[in-house]
Structures are given as C-alpha cells and as structure tokens.
Amino acid sequence: RGDPAIRRGAAGDPVADGPRSTRFAMKVSLSERAYVKLALHAAKHPTRDALGALVGRVKGEDLEVTDALPMTHTPLSVTPTVEIALEQFAHHACLDGDQNLVGLYLANERLGNVGLGPNVCVVADVIRNAAPNKNAVALVVDAVKLNDALDATESTTEPKNHGLILMRRLGDGSTWETVGGQSGTVVVEPSATRSAKALFASPDAMRSLVDFDDHLDDPARDWRNPGVDGMLAK
Amino acid sequence: LSAPLIEANPHRDLRPRRAAWSTARSSRPSSGRGMSARPRSTLKELDDTEEYLESAGLAKRDGAACRKYLTMVEEHLVRRPACVARAAACVLADAKFASKLSKREMYQTMELHAYASLDLGDVATCERHVRALESVFPNSTRVGRLLGCMLEAEGGHDDALKLYDDLLKQNPSEQRLMKRRAACLKAAGRVAEAIQALSSYLNTFMGDVAAWEELALLYLSERRFIQAVFCWEEVIVAQPQLGKHHRRMAETYYTWGGYENLRNARKYYAAALDMSTASDLRAMYGLVLVDKKMRHLEKTSKAAATVKRAAGDVAAGDLGSELGKDASIFLPRLYKAACPGLVPVVEKQMRSAAL
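Residue numbers (the working numbering), protein chains in the order written: chain A, 1 to 234; chain B, 1 to 355.
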C-alpha cells in the first residue's frame with residue numbers, strides 16, 4: 001500500500017498508467033531467438049521499413065522478451081495487414097505460455113532515421129494499451145550500431161544496447177521518446193550476437209525468415225519461423 | 001497480323017510483377033527494347049539462376065551463368081544487389097571473358113554493377129564505373145542518372161537535384177529523369193514536393209501506370225485518401241485484370257473509414273477475391289475485417305444505421321453482407337490445408353471477429 005512505485009489516483013487506488021521511469025531503471029532482456037530474428041528481418045529488407053512485434057512477459061518494471069514476430073516490410077499507410085497481424089500475434093502469445101505482446105521493433109527505410117513515424121506510433125500505442133500495466137517498448141534498429149554490435153567480440157567493450165534504441169512512452173499524456181542509459185538498458189543473451197553473425201553468413205537463414213507479409217502471399221509459410229528456431233538450436 | 005495488337009501498346013505492361021514495390025528507383029534503365037515488352041525469360045528462371053550462382057556458380061566463377069543472370073535482371077528490372085554485384089564483378093574482372101562481351105553488354109554490366117554497389121553502400125566501385133562511363137558517353141542522361149544516384153547515396157540530395165534540373169533543362173522531355181527527380185525528393189524526405197513533381201510528370205505522361213501507383217502510395221503516406229483513390233482508379237482503368245490493384249484500392253477505402261467507404265472496400269475486396277479465384281488471403285481477411293467494422297458501426301453510429309436501412313440491404317438481397325461470414329468459415333479450412341500449425345490462432349481470431 002505504501003509502495004512508491006505504484007502511482008495512485010484521487011481515490012487512493014492504483015492508476016494503471018504505465019511504469020514510472022524516473023526512479024527505477026528498466027531492463028529489457030532479449031532472448032537469443034528474439035534478437036536473431038529481429039536482426040535477420042532488418043537485414044533481409046535493407047531498403048524497406050521492417051516492422052515486427054515482441055512477445056514476452058512483464059516482470060514489474062522489467063521486460064523479458066522471448067520472441068520476435070516479424071510483421072511487415074511494406075509501408076504502413078494502410079492498416080488491414082497490421083490489424084490482422086497484431087490480433088493473430090496476440091492470440092499466439094497467449095496460447096504460447098500465456099505471454100503478451102510487449103512491444104514492437106522497427107528498422108527504418110532511410111539510414112540514420114531512428115524515429116517512430118506517426119503511423120508506427122499508432123501501432124505502438126495499440127500494443128502498449130493491450131500490454132499488462134501498459135508496459136511496452138519500441139526498439140528501433142540503428143543499422144550502423146547494429147553492425148558494430150555484431151562485429152564486437154567478447155574482448156572489446158559491449159556497444160550500448162547492442163545496436164538497438166530503446167523508446168518508451170511514459171504516461172498517456174506524453175509521446176514516444178528515447179530512453180537514456182540511466183533509465184533503461186537492453187540486455188541480450190550472451191550467445192545471441194554469435195548466432196546472429198553465423199546466421200547472417202548463411203543465405204538460407206535470411207531466405208527462410210518469414211514475416212506476416214510473406215505469409216499472406218503464401219499461407220504455407222509460417223510466421224512463427226520454426227525453421228529459424230531449428231537453425232538456432234543447432 | 002502475326003503479332004497480337006496488345007504488344008503494339010507500349011504502355012501496357014504485361015511483364016509479371018512480383019509483390020515487391022521498387023520505391024526509390026522508379027526509372028530503372030531498360031535495355032532499349034521500346035515497343036516489344038515481352039521478356040525472353042521468366043522470373044522462375046531468374047530465381048533458379050540466382051540460387052545456382054549463390055550456391056556454386058560464383059564460387060567457381062561461372063562467367064556464362066553470371067552473364068545470363070545479368071541479362072535476366074536487366075529484363076525484369078528486379079533489385080537484387082548482393083547477387084548482382086558479385087555476378088557483375090565476376091564478369092568484369094575476368095579479362096578473358098570480358099573480351100567476349102559486346103561493348104553494349106559490357107557497359108550495361110558496368111551500369112548494373114554500379115547500381116548494385118550503391119545499394120550495398122559501396123560508393124567507390126560506383127564512382128569508378130561512373131567515371132569510365134562518363135568518358136565514353138559524355139553528355140548522356142543515362143549516365144547523368146547514375147551520377148545523380150551516386151550523389152544521393154552519399155547524402156547529397158541537393159546536389160543530385162541540381163544535376164537533374166540541369167539535365168532536364170537540356171533534355172526537357174526525358175521521362176526517366178523526371179521520375180528520378182521525384183524519387184530523389186522522396187528519398188530526401190520531402191514528400192510534398194515529391195508528390196508535386198510526380199503529379200506534374202503525370203500531367204504530361206498519363207499512361208505511366210507505375211508512376212500512378214507510386215503517386216498513390218505517396219498520397220497514402222500523407223493520409224490524403226481522396227487523391228490516393230483517384231490514383232488507384234487510374235491504375236485500375238489501365239490494368240483492370242489485376243486483382244492486386246483492386247485489393248489495394250479496398251485497403252485504402254478500409255483505412256479511410258466511415259460506413260460508405262467500408263461498403264466500397266467490401267466491393268473491391270470481393271472483386272479482388274473473384275479475380276484471384278479465392279486464393280488472395282489478404283482479400284479474405286479484408287472481408288472479415290470490413291464485416292466486423294460495419295457491424296460495429298451499425299450498432300454505434302446512428303448515421304450508419306440509417307444508411308443501412310436506406311440501402312435496403314435485406315430487401316434487395318444484398319449478397320455482400322454474407323461475405324464476411326463466409327470468409328471467416330473458409331479461412332480455417334484453408335489453413336488446415338496449408339499451414340495446420342496456425343489453425344488454433346486463426347480460429348480464435350475468427351471467433352473474436354464474430355462477436
């Protein structure tokens with residue numbers, strides 16, 4: 001009852017408005033599967049916007065992301081694809097170990113563009129409103145930094161956030177903003193960068209990565225990417 | 001009378017197009033064929049050759065296969081930078097093989113290599129080829145376009161625009177240059193100016209279907225739905241047999257929203273489904289979504305309810321109102337046949353859509 005982390009409204013009941021960032025730094029931990037799929041999707045469509053959802057669990061202030069589901073590589077100006085994709089992803093997350101959609105990732109078309117466009121903000125808001133405790137993040141892939149992150153070995157210092165930019169929206173009144181180092185970090189499973197590099201080298205991995213757009217072109221291709229999971233297991 | 005009349009129309013593009021839209025390169029050079037637009041190979045051949053090259057061909061430097069691959073890429077105007085760059089490097093590096101190429105083929109290969117290396121971020125190789133081509137073709141707009149692309153790749157969009165404007169002053173009716181200029185504005189993030197440039201181009205050259213598509217997408221990115229619908233109409237009038245255009249028109253109406261627009265969306269989704277003989281997954285999902293939204297609007301919005309009553313759906317036996325339900329029954333069956341692992345997810349979604 002006296003926990004300062006829970007924001008209280010006028011009646012004294014907790015207000016679900018999202019996590020408070022000012023006092024507690026949030027940690028987003030990506031599993032190997034999530035990071036590799038995210039990176040592969042971004043690399044497969046270098047000249048387009050690659051968008052996808054993150055599946056995982058909310059643990060207080062922190063997020064544990066277990067999987068990344070690639071969504072689209074077409075411009076986000078019409079909504080049907082994204083609507084269907086988000087619904088199906090949410091159902092899949094629920095069926096797969098009672099998880100939720102905890103965010104999205106985005107790799108922009110133009111190099112150096114590390115912001116969320118207006119349409120992407122709308123999608124991010126939809127995910128945030130549906131996430132437990134409205135705790136959701138947007139990870140923007142910074143292509144240059146991702147390159148550095150994949151080339152870094154254990155001996156050199158870890159590049160900040162593994163080439164991803166963490167963005168959050170604090171409270172319903174504000175907008176999506178970048179989270180600085182003090183307030184949030186992205187942690188990735190140790191074997192992830194190695195696996196990502198190995199899979200980048202093989203053309204099969206990139207060709208076998210399926211996103212929801214590819215699935216709509218050919219329903220036999222599964223957007224859960226069991227093929228990539230299999231490659232990682234090896 | 002041996003050739004069918006269709007081939008005589010240069011604006012009628014019969015080449016099979018993949019779902020990928022090439023955004024910033026709407027004015028790729030063609031091999032100067034002009035009137036006869038029928039390709040001499042299929043996309044499947046291209047994909048097979050690419051697979052062969054990636055797996056074994058490039059490793060053993062199979063020049064003949066590389067050459068064939070590059071000719072097919074030139075024909076179909078696809079954008080495969082990784083493989084094209086390696087194939088072109090293989091062809092040009094081998095001096096013995098390079099001597100067997102005709103001059104035209106050699107310059108074409110250099111041009112392809114330049115564009116591919118720009119896509120991969122390798123501006124140095126592109127510059128090398130540009131200088132070589134400039135010396136051979138001094139006042140060419142084709143080389144000028146390549147040079148402009150190179151400037152854009154380095155981030156110098158203003159320099160590129162100045163170059164395009166200069167070239168356009170000397171060659172005012174150069175279509176590809178106009179489109180390249182609009183693409184440059186789009187790449188620089190100046191979407192409003194890109195729209196203006198492309199519309200003034202289309203004012204003169206109204207038969208260019210790909211340009212109408214590109215303009216529609218630009219309008220959509222600015223949420224200007226009325227103009228986007230106008231552009232899609234032009235595209236549909238030019239190529240009425242392609243279900244893809246009807247489906248994209250439907251998506252535009254759906255995103256626009258509002259009861260009347262949803263009715264139009266349903267019409268176009270139905271047309272797309274019909275043309276694809278029930279294989280267009282997007283159209284099926286679209287019908288489910290439209291149905292769900294329309295039912296929601298009928299319940300919540302008085303205006304929508306009156307429109308529905310006025311339209312007399314039930315009395316006129318409007319078959320369209322059943323489409324959403326039919327699609328939601330058909331989809332799980334389709335998934336059972338195609339991808340059984342996803343059936344639980346799809347069924348759950350269809351149940352929630354029916355609520």
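Hints are computed from structural coordinates only; laboratory data are not their basis. Among these hints, one or two may not hold up.
Facing chain B, from chain A, some residues (calculated, C-beta under 8 Å) [as the list claims (entries may be wrong)]:
(1) Thr47
(2) Thr79
(3) Glu83
(4) His92
(5) Leu95
Backbone N, C-alpha and C fix where the C-beta goes; we use that ideal spot for every residue, glycine too.
Do the hints match the structure? See the list:
With 8 Å as the threshold, the beta carbon of A:Thr47 comes within range of chain B, its nearest partner Cβ sitting at about 7 Å, so the hint holds. For A:Thr79, the shortest C-beta to C-beta distance to chain B is roughly 5 Å, which falls under 8 Å, so the interface hint holds. The closest approach between the C-beta of A:Glu83 and any C-beta of chain B is roughly 6 Å, which is under the 8 Å cut-off, so the hint is satisfied. With a least beta-carbon distance of about 5 Å to chain B, the hint placing A:His92 at the interface is held under the 8 Å criterion.
Among the interface hints, the one on A:Leu95 holds; its C-beta lies about 6 Å from the nearest C-beta in chain B, closer than the 8 Å criterion.
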